[in-house]
Amino acid sequence: MIKNLFLLVIPFLFLFASCNQATKDAETKKADTATLAVKSFIDSAAKYVEKPIRIEGMVLHTCKHGGKRMFLVDGSDTIRVEVTTGNNIPKFDESLIGSRVKVLGILKEERVDAKYLNEWEAEVKKPAEDHNTGIHTGAKGHEDQGTKEKLDEINSLRDDLKKSGKDHLSFYSIEAISYTVVK
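Residue numbers for the sequence shown follow the numbering used here, beginning at -4 and rising by one.
In short, the hints are calculated from the structure, not lab data. Treat the numbers as computed from the prediction; the structure is a model and nothing was measured. A few of these clues could be false.
To be verified - Across the chosen pairs, the derived CB separations fall in these ranges:
#  : residue 1 : residue 2 : range
1  : Lys110    : Lys34     : 26 to 34 Å
2  : Pro122    : Pro47     : 37 to 45 Å
3  : Ile92     : Asp147    : 24 to 32 Å
4  : Asp155    : Lys63     : 47 to 55 Å
5  : Lys59     : Lys143    : 45 to 53 Å
6  : Lys34     : Lys121    : 22 to 30 Å
7  : Ser151    : Lys34     : 20 to 28 Å
8  : Ser90     : Lys110    : 36 to 44 Å
9  : Lys143    : Gly61     : 22 to 30 Å
10 : Lys103    : Asp154    : 46 to 54 Å
11 : Pro122    : Lys42     : 37 to 45 Å
12 : Val177    : Asp155    : 29 to 37 Å
13 : Leu146    : Ser71     : 27 to 35 Å
To be verified - Calculated pairs, DSS-like style, for lysine-lysine (alpha carbon to alpha carbon, straight line, at most 27 Å):
#  : residue 1 : residue 2
14 : Lys34     : Lys110
15 : Lys145    : Lys59
16 : Lys158    : Lys42
17 : Lys97     : Lys63
18 : Lys178    : Lys145
19 : Lys120    : Lys97
20 : Lys86     : Lys103
21 : Lys178    : Lys157
22 : Lys145    : Lys42
23 : Lys158    : Lys103
24 : Lys97     : Lys34
25 : Lys157    : Lys97
26 : Lys161    : Lys178
27 : Lys59     : Lys34
28 : Lys145    : Lys63
29 : Lys103    : Lys63
30 : Lys145    : Lys110
31 : Lys97     : Lys86
32 : Lys157    : Lys120
33 : Lys110    : Lys158
34 : Lys42     : Lys161
35 : Lys63     : Lys143
36 : Lys157    : Lys121
37 : Lys120    : Lys86
38 : Lys103    : Lys46
39 : Lys59     : Lys178
40 : Lys145    : Lys161
Just so it is clear, CB atoms sit at the ideal spot from N, CA and C, and this is done for glycine as well.
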């Protein structure tokens, strides 16, 4: 009888231990997720590339071309944090504009160097019929720009790169895993 009771208790002990481990894993993941502020995002982003982060801010804009991006601000419009849709989010609805949201996501870095700018410039200067190909054609944020605006942007980035004294410029965004509207 005791032997049978013992055989019944063992599975429950394993179940309890595995549930306890799952709770510890979830707590560890939450502890490993940094919370960043919109106001200090630019200064602290480099430390968290490809890591999970949380951020809260007011939605200033959602992109009308598919809703794949939104921009968060906090207090002023001088610092904007770009948030892109992740695998679980089909789009950001325009109704989010003016709402305060909390976002959980992975911090991403886009590096722009001289090679990137040269390739982009060559693509922009291609004849119009070739503008549907290339790695920089229709780059995010430049979809609606004409040739002159794109070349101006490229030259501005070249100036910024030269002034930085580095071999690249870094642009940070958050790929959203989930978000909630703060009531």
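Hints and how they fare:
1. For the pair Lys110 and Lys34, the beta carbons lie near 33 Å from each other, so the given range of 26 to 34 Å is met.
2. Here the CB-CB span from Pro122 to Pro47 is close to 44 Å, well matched to the stated 37 to 45 Å.
3. For the pair Ile92 and Asp147, the beta carbons lie near 28 Å from each other, so the given range of 24 to 32 Å is met.
4. With their beta carbons about 25 Å apart, Asp155 and Lys63 fall outside the hinted range of 47 to 55 Å.
5. In this structure the supplied range 45 to 53 Å is violated for Lys59 paired with Lys143, their Cβ-Cβ distance being about 23 Å.
6. Here the CB-CB span from Lys34 to Lys121 is close to 41 Å, at odds with the stated 22 to 30 Å.
7. Between Ser151 and Lys34 the beta carbon distance is about 25 Å. The supplied range of 20 to 28 Å therefore holds.
8. With their beta carbons about 41 Å apart, Ser90 and Lys110 fall inside the hinted range of 36 to 44 Å.
9. At about 25 Å, the beta-carbon gap between Lys143 and Gly61 stays in the expected band of 22 to 30 Å.
10. A beta carbon spacing of about 24 Å between Lys103 and Asp154 contradicts the range 46 to 54 Å that was offered as a hint.
11. In this structure the supplied range 37 to 45 Å holds for Pro122 paired with Lys42, their Cβ-Cβ distance being about 44 Å.
12. For the pair Val177 and Asp155, the beta carbons lie near 34 Å from each other, so the given range of 29 to 37 Å is met.
13. Separated by about 30 Å at the C-beta atoms, Leu146 and Ser71 satisfy the suggested range of 27 to 35 Å.
14. At roughly 31 Å between alpha-carbon atoms, Lys34 and Lys110 are farther apart than 27 Å, so this suggested pair is violated.
15. Between Lys145 and Lys59, the direct Cα distance comes to roughly 20 Å. Compliance with the 27 Å bound is thereby established for this hinted pair.
16. Annotation: proposed proximity of Lys158 to Lys42 holds, straight-line Cα distance about 22 Å (limit 27 Å).
17. A hinted pair counts as satisfied when its Cα atoms are at most 27 Å apart, and Lys97 with Lys63 qualifies at roughly 17 Å.
18. A threshold of 27 Å between alpha carbons decides the hint, and for Lys178 with Lys145 the separation of about 40 Å lies outside it, so the pair is violated.
19. With a C-alpha separation of about 41 Å, the suggested pairing of Lys120 with Lys97 is violated against the 27 Å cut-off.
20. Restraint check: the Cα-Cα separation between Lys86 and Lys103 comes to about 18 Å, which is no more than 27 Å; the hinted pair holds.
21. For the hint linking Lys178 to Lys157, the alpha-carbon distance of about 44 Å lies beyond 27 Å, and the restraint is violated.
22. Pair hint Lys145 plus Lys42 does not hold up; C-alpha atoms about 30 Å apart against a cutoff of 27 Å.
23. For the hint pairing Lys158 with Lys103, the CA-to-CA distance comes to about 23 Å; that is within 27 Å, so the pair holds.
24. Distance check on the hinted pair: Lys97 and Lys34 sit about 15 Å apart at the alpha-carbon level, within 27 Å; holds.
25. Only pairs whose Cα atoms come within 27 Å are accepted, and Lys157 paired with Lys97 is rejected, the gap being roughly 36 Å.
26. With a C-alpha separation of about 43 Å, the suggested pairing of Lys161 with Lys178 is violated against the 27 Å cut-off.
27. Pair hint Lys59 plus Lys34 holds up; C-alpha atoms about 25 Å apart against a cutoff of 27 Å.
28. Pair hint Lys145 plus Lys63 holds up; C-alpha atoms about 21 Å apart against a cutoff of 27 Å.
29. The straight-line distance between the Cα atoms of Lys103 and Lys63 is roughly 15 Å, inside the 27 Å bound, and the hint therefore holds.
30. Simply put, Lys145 and Lys110 have alpha-carbon atoms about 16 Å apart, close enough for the 27 Å limit, and the pair holds.
31. Distance hint between Lys97 and Lys86 is fulfilled; the C-alpha atoms sit about 16 Å from each other, no more than 27 Å.
32. Distance check on the hinted pair: Lys157 and Lys120 sit about 22 Å apart at the alpha-carbon level, within 27 Å; holds.
33. Taking the CA atoms of Lys110 and Lys158, the gap is near 17 Å; set against the 27 Å cutoff, the hint holds.
34. With a C-alpha separation of about 17 Å, the suggested pairing of Lys42 with Lys161 holds against the 27 Å cut-off.
35. Taken as a hint, the Lys63 and Lys143 pair is honoured in the structure, with Cα atoms around 25 Å apart against an allowance of 27 Å.
36. Taking the CA atoms of Lys157 and Lys121, the gap is near 25 Å; set against the 27 Å cutoff, the hint holds.
37. Our distance criterion of 27 Å between C-alpha atoms is broken by Lys120 and Lys86, whose separation comes to about 32 Å.
38. Taken as a hint, the Lys103 and Lys46 pair is honoured in the structure, with Cα atoms around 8 Å apart against an allowance of 27 Å.
39. The hinted pair formed by Lys59 and Lys178 meets the criterion: a straight-line CA distance of about 24 Å does not exceed 27 Å.
40. Distance restraint check for Lys145 and Lys161: the Cα-Cα separation of roughly 22 Å lies within the 27 Å cut-off, and the hinted pair is therefore satisfied.
Of the numbered hints given earlier, the model fails hints 4, 5, 6, 10, 14, 18, 19, 21, 22, 25, 26, 37; all others are met.
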